[in-house]
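Peer 1: Chains as they are written, first to last, in our numbering: chain X, 365 to 705; chain W, 365 to 705.
Take the hints with a grain of salt, since some may be wrong.
Since the list gives no way to pick one copy over another, a pair counts as held whenever it fits inside one copy or between any two copies.
Stated by the list, open to error - In silico DSSO-like pairs for lysine-lysine, Cα to Cα no more than 30 Å straight-line: (1) Lys700 x Lys637; (2) Lys637 x Lys496; (3) Lys374 x Lys528; (4) Lys469 x Lys673; (5) Lys595 x Lys637; (6) Lys459 x Lys374; (7) Lys656 x Lys542; (8) Lys496 x Lys464; (9) Lys412 x Lys498; (10) Lys637 x Lys665; (11) Lys451 x Lys521; (12) Lys459 x Lys521; (13) Lys528 x Lys451; (14) Lys635 x Lys528; (15) Lys474 x Lys704; (16) Lys412 x Lys660; (17) Lys665 x Lys399; (18) Lys465 x Lys400.
Please keep in mind that the hints were generated in silico from the structure rather than gathered at the bench.
Bear in mind that the values here come from a model prediction, so they are computed numbers and not experimental data.
Number of protein chains: 2
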Amino acid sequence: MIFVDACFGKETPYTPVWMMRQAGRYLPEYMEVRKKAGNFLNLCHSPKLASEVTLQPVDIVGVDAAIIFSDILVVPNEMGMELDFVKGEGPVFEKPIREKKDLDKLIGGKEAADKLDYVYETIKLTREKLDKDKALIGFTGAPWTLATYMIEGQGTKTYSVVKKMLYSNPQFLHEVLKKVSEVVKHYLANQIRAGVDVVQIFDSWAAALEKDAYFEFSWRYIKDIVSYIKKEFPNTPIIVFPKGIGAYLDDIDGDFDVFGVDWGTPMELAKEKLGAKYVLQGNMEPCRLYSKVATKEAVEKISSIMQNKRHIFNLGHGILPDVPVENAKYFISLAKEVTKR
Amino acid sequence: MIFVDACFGKETPYTPVWMMRQAGRYLPEYMEVRKKAGNFLNLCHSPKLASEVTLQPVDIVGVDAAIIFSDILVVPNEMGMELDFVKGEGPVFEKPIREKKDLDKLIGGKEAADKLDYVYETIKLTREKLDKDKALIGFTGAPWTLATYMIEGQGTKTYSVVKKMLYSNPQFLHEVLKKVSEVVKHYLANQIRAGVDVVQIFDSWAAALEKDAYFEFSWRYIKDIVSYIKKEFPNTPIIVFPKGIGAYLDDIDGDFDVFGVDWGTPMELAKEKLGAKYVLQGNMEPCRLYSKVATKEAVEKISSIMQNKRHIFNLGHGILPDVPVENAKYFISLAKEVTKR
């Protein structure tokens, strides 16, 4: 499988390519299924429909990997936190974690992970239908990103609730992070057993932490999860994507295989700091997909920096809903063409 | 004046300190004046009230510099763009710039800058009342940040409107940036003539651009403004604050005096890359003000990194509205005490 080979740094006929949020609103076919499902969470809960949208970008835009359609917040949801997607506001937990009793109420470990059966079912259905030479990616949020949602209760600009906890009661924050980490370990293991070929850990809110705090409250948990998964599944590549920590790359280490580079981190810098140790994924600025000229410029530049080695093409963040499908197709085919050996 | 000396890298009895957004909602005295003014924009437009809130943090928390109470968006407002502050949404321009005729309608250069007389009047009133040994800081938004608001029409997460313009019609975006730059030059010059001792250029949305695009669409305009001001007012220190470009510090240059370090950029990194060339300002993580322990830890760490040289203490972003005033006072007095020679 080209994608898995590339994750392990092996030579491939071309640099494989996919897009974060590739199963999403820019595709009319996705919007149709989404409508059928009624709402976003229903879509996550329906293996048949989730599998359908997971496969769409492979057929329509020609990516080399499908990523399971789901949401990182299904994990806290199945730990027992009621989740709503409020229009215009995004995800909301009505009863965020603020004290020990809130945490103690939540289901942990394997028991919580096993409740995510609709995800594993989606994986099975998808792996059956997906071409054998295409990879299926499973994913999770990093404990820090999940815990931040669970503690704040919703999206935030200032992270003031979780930061207050971090500074006033770091032990308790660590308790939350440990509990989430244990669920995530079992969740990823279950996903791999169900059939995913690769897993990605999204740390979307990495940049909410200062450097030292990042390593203490986020990175160590990611590393711990990576070690756990690597030990049990050495043949499954692991991608990490901590968004917005371009200024901290010197201290990045761990047993993962691929480091996802966000678009705010120059690819040259990522290559200099991490390229020898890890395969790099990324990092075209997603708004470039509004313009074919801008797309071509970036594809050629990134290809020239990476020399078509130890690289997986992707955007540096999720694809936006108003991108023309034609431009997404152009990006995918150009990335393959330009990197052909 | 200790503050001005420190900006020029001269030795001072202690490291001077102030806080971004120090004239703000965390102060009950501010809230009272704000109520009197009716709304935020009225407060900016009333020199007597604006001067009153400008002076408050000097008296109440003991900062070494006052920063004129105003908003970066008064500039596009006086260029002719109608501005509303919508509750919960922030600033909104009803008619954003989307094409040439929108730009052509706007007033430019000295004519627009001269319309900001209420700012200059605020400066005069404040300078009269402010202690002679305290500095008065004037400020502006960087052309990129201002233009982004003017083009998007409001706050944005994706910057998709301005990015579409950047990729499809970069020449026109440059026209917008040039027109804004010319107003900003006259605006800063007028502020200095009215009595400010230092000026700061805020590039709050610097991180919305990729590295190369940052230098093309933002930094060159900042440098141009800096050169213009330096030539006419060599004794007025200039502080720049491009937020979130910690991964691009290698290419930073220009005739400014102080580089403002955001809290996401480790101070060690900023010192290594820029400390020899520029005085550094910053960069305590603002949420640390929720906890005295966390404040002390950061003040001591930053002081130890900077060795109390070529440094101005500040937060790495604005102070939050729910910070206890007592903790702000503690930060200010501790920063002075710890850095005392």
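Peer 1: Could you run down the list of hints and mark each one as holding or not?
Peer 2: Structure-based check of all given hints:
1. Lys700 x Lys637: Intra 25 Å, inter 37 Å, cutoff 30 Å: intra-copy only.
2. Lys637 x Lys496: neither (34 Å within a copy, 49 Å between copies)
3. Lys374 x Lys528: Neither way: Lys374 and Lys528 sit 45 Å apart in one copy and 37 Å across, limit 30 Å.
4. Lys469 x Lys673: So Lys469 and Lys673 fail the 30 Å test inside a copy (48 Å) and across (51 Å) alike.
5. Lys595 x Lys637: within (26 Å within a copy, 39 Å between copies)
6. Lys459 x Lys374: So Lys459 and Lys374 fail the 30 Å test inside a copy (47 Å) and across (53 Å) alike.
7. Lys656 x Lys542: between (45 Å within a copy, 26 Å between copies)
8. Lys496 x Lys464: neither (47 Å within a copy, 52 Å between copies)
9. Lys412 x Lys498: within (19 Å within a copy, 68 Å between copies)
10. Lys637 x Lys665: both (18 Å within a copy, 25 Å between copies)
11. Lys451 x Lys521: both (18 Å within a copy, 16 Å between copies)
12. Lys459 x Lys521: Close inside one copy (19 Å) and across copies (26 Å); limit 30 Å.
13. Lys528 x Lys451: both (28 Å within a copy, 25 Å between copies)
14. Lys635 x Lys528: Classified as between: cross-chain Cα gap 28 Å, same-chain 35 Å, threshold 30 Å.
15. Lys474 x Lys704: The answer is neither: 43 Å in one copy and 55 Å across copies each exceed 30 Å.
16. Lys412 x Lys660: neither (36 Å within a copy, 54 Å between copies)
17. Lys665 x Lys399: Neither way: Lys665 and Lys399 sit 39 Å apart in one copy and 53 Å across, limit 30 Å.
18. Lys465 x Lys400: neither (38 Å within a copy, 44 Å between copies)
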